[in-house]
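Novice: On the provided structure of chain A, position chain B as indicated by the hints.
Going line by line, the protein sequences match chains A and B. Just so we're aligned, residue 1 is where the first sequence starts under my numbering, counting upward by one. Just so we're aligned, residue 1 is where the second sequence starts under my numbering, counting upward by one.
Read the hints as simulated data drawn from the structure, not as lab findings. If you're wondering where the values come from, they're calculated on a predicted model, not measured in any experiment. Every residue, glycine too, gets a C-beta built ideally from N, C-alpha and C. Incorrect hints may have been included.
[As the list claims (entries may be wrong)] To list a few chain A residues with every Cβ distance to chain B over 10 Å, as calculated:
no., residue
1, 15
2, 68
3, 91
4, 97
5, 105
6, 109
7, 134
8, 135
9, 142
10, 143
[Unchecked claim] DSS-like cross-link-like pairs, simulated, lysine-lysine; straight-line CA separation at most 27 Å:
no., chain 1, residue 1, chain 2, residue 2
11, B, 119, A, 113
12, B, 94, A, 113
13, B, 191, A, 191
14, A, 119, B, 191
15, B, 77, B, 113
16, B, 113, A, 29
17, B, 113, A, 113
18, B, 113, A, 20
19, A, 47, B, 113
20, B, 113, A, 41
21, B, 113, A, 119
There are 2 protein chains.
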Amino acid sequence: MENTKIGRPRCEKAQQAVMKATHELLNEKGGSGLTIEGIAKRAKVGKPTIYRWWPSLADIVLDVVLRQAGTDIPVIKFESLEKTLHEFLRQSMKATVDWGGAHLRFLIAHAQKDEDFRKRFRNNFSLTRRSVLLSIFQQAVERGEISPEQNLEILTDLIFGSMWYRLLIGHAPMDMSFAEELTEITIQITKNKSTS
Amino acid sequence: MENTKIGRPRCEKAQQAVMKATHELLNEKGGSGLTIEGIAKRAKVGKPTIYRWWPSLADIVLDVVLRQAGTDIPVIKFESLEKTLHEFLRQSMKATVDWGGAHLRFLIAHAQKDEDFRKRFRNNFSLTRRSVLLSIFQQAVERGEISPEQNLEILTDLIFGSMWYRLLIGHAPMDMSFAEELTEITIQITKNKSTS
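Looking at chain A on its own, in the form it has when it is part of the complex (with noise of 0.2 Å):
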């Protein structure tokens, strides 16, 4: 991730530095801890240029995300609705376990106290999330996979609904056994719509 490469401006690389740190701090406590002062600290930035570049704490963590999704998580080649679909959840299941957990847990929860970030936090990650899938649906429809008449949009609340009360709850666990159910129950709802 860092990046040395002489000439770099120097706002991009203690940018990079405030990002390290918040992953890193994340990661090693959660998000109940994260502060802007930690990271300051941890990222050797003084807190008036954090506030310069991020209107909040959470908006670093959204950075932070939507940074490490970006780098993290390839786009999936389209084989059969099962194949891709099961490797679209097996990756977002392994992101999260790995590294995403905390990120997301903080966003979603500041996201019901700031109704101007979760606004952010819609746009640019649900909304490009759900985007995602749907082109993975919408594909499936074109092979003739998914009925034209089947409802992509309650089908995509379905995956990543259950994925985020899995994770918010925590009655069970976000694994790759989950991953296989939430595919094998897919492929259970569009065989029936594409025989009736």
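Specialist: Only chain B this time, still in chain A's reference frame:
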């Protein structure tokens, strides 16, 4: 809600005043401005008295939700899976829109910052709600409307998950069409399994 029966212990009256104040303030202003100070003022009760009964602000809100859900959401008599599930979902949407949305958003946000509270929320609210939906599904299994092979836990995750997801992200409404669409897709899932 107010009970003026003579001889009722004084502390129970004060507890009810605290819960009533909390409920009103959440409906008027949402969760972001809710404080123990505000509740104490509205309920005409001292802050130390409140802290004697509840370990945190979120625990008052949880008590309000549990009490309200207990009186507001009637037990549903099982007819068919479709009718019973539809009624369950209509009631859940109605309770969320009419009075519970701000309460639930406040609770889930707090649960992300306080692991002990998260357990209390999970055990007292989520698992209770899950058991109601699971019992509807189990009755449908007994009547042959759902295959005994169907994974009911995943089905429950899909339903509650998608409702939480819409409530928290806010990309689409919690309305009666949503209750209908969720019923329809659940029937689609169960039909496929029972005929396969």
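Novice: Decide, hint by hint, whether the structure agrees.
Specialist: Here is how each hint holds up against the structure:
{"no.": "1", "hint": "15", "verdict": "holds (26 Å)"}
{"no.": "2", "hint": "68", "verdict": "holds (19 Å)"}
{"no.": "3", "hint": "91", "verdict": "holds (19 Å)"}
{"no.": "4", "hint": "97", "verdict": "holds (17 Å)"}
{"no.": "5", "hint": "105", "verdict": "violated (4 Å)"}
{"no.": "6", "hint": "109", "verdict": "violated (4 Å)"}
{"no.": "7", "hint": "134", "verdict": "holds (12 Å)"}
{"no.": "8", "hint": "135", "verdict": "holds (17 Å)"}
{"no.": "9", "hint": "142", "verdict": "holds (21 Å)"}
{"no.": "10", "hint": "143", "verdict": "holds (19 Å)"}
{"no.": "11", "hint": "B:119 with A:113", "verdict": "holds (21 Å)"}
{"no.": "12", "hint": "B:94 with A:113", "verdict": "holds (22 Å)"}
{"no.": "13", "hint": "B:191 with A:191", "verdict": "holds (10 Å)"}
{"no.": "14", "hint": "A:119 with B:191", "verdict": "violated (38 Å)"}
{"no.": "15", "hint": "B:77 with B:113", "verdict": "violated (38 Å)"}
{"no.": "16", "hint": "B:113 with A:29", "verdict": "holds (11 Å)"}
{"no.": "17", "hint": "B:113 with A:113", "verdict": "holds (13 Å)"}
{"no.": "18", "hint": "B:113 with A:20", "verdict": "holds (22 Å)"}
{"no.": "19", "hint": "A:47 with B:113", "verdict": "holds (23 Å)"}
{"no.": "20", "hint": "B:113 with A:41", "verdict": "holds (22 Å)"}
{"no.": "21", "hint": "B:113 with A:119", "verdict": "holds (21 Å)"}
Of the numbered hints stated above, those contradicted by the structure are hints 5, 6, 14 and 15, listed in ascending order.
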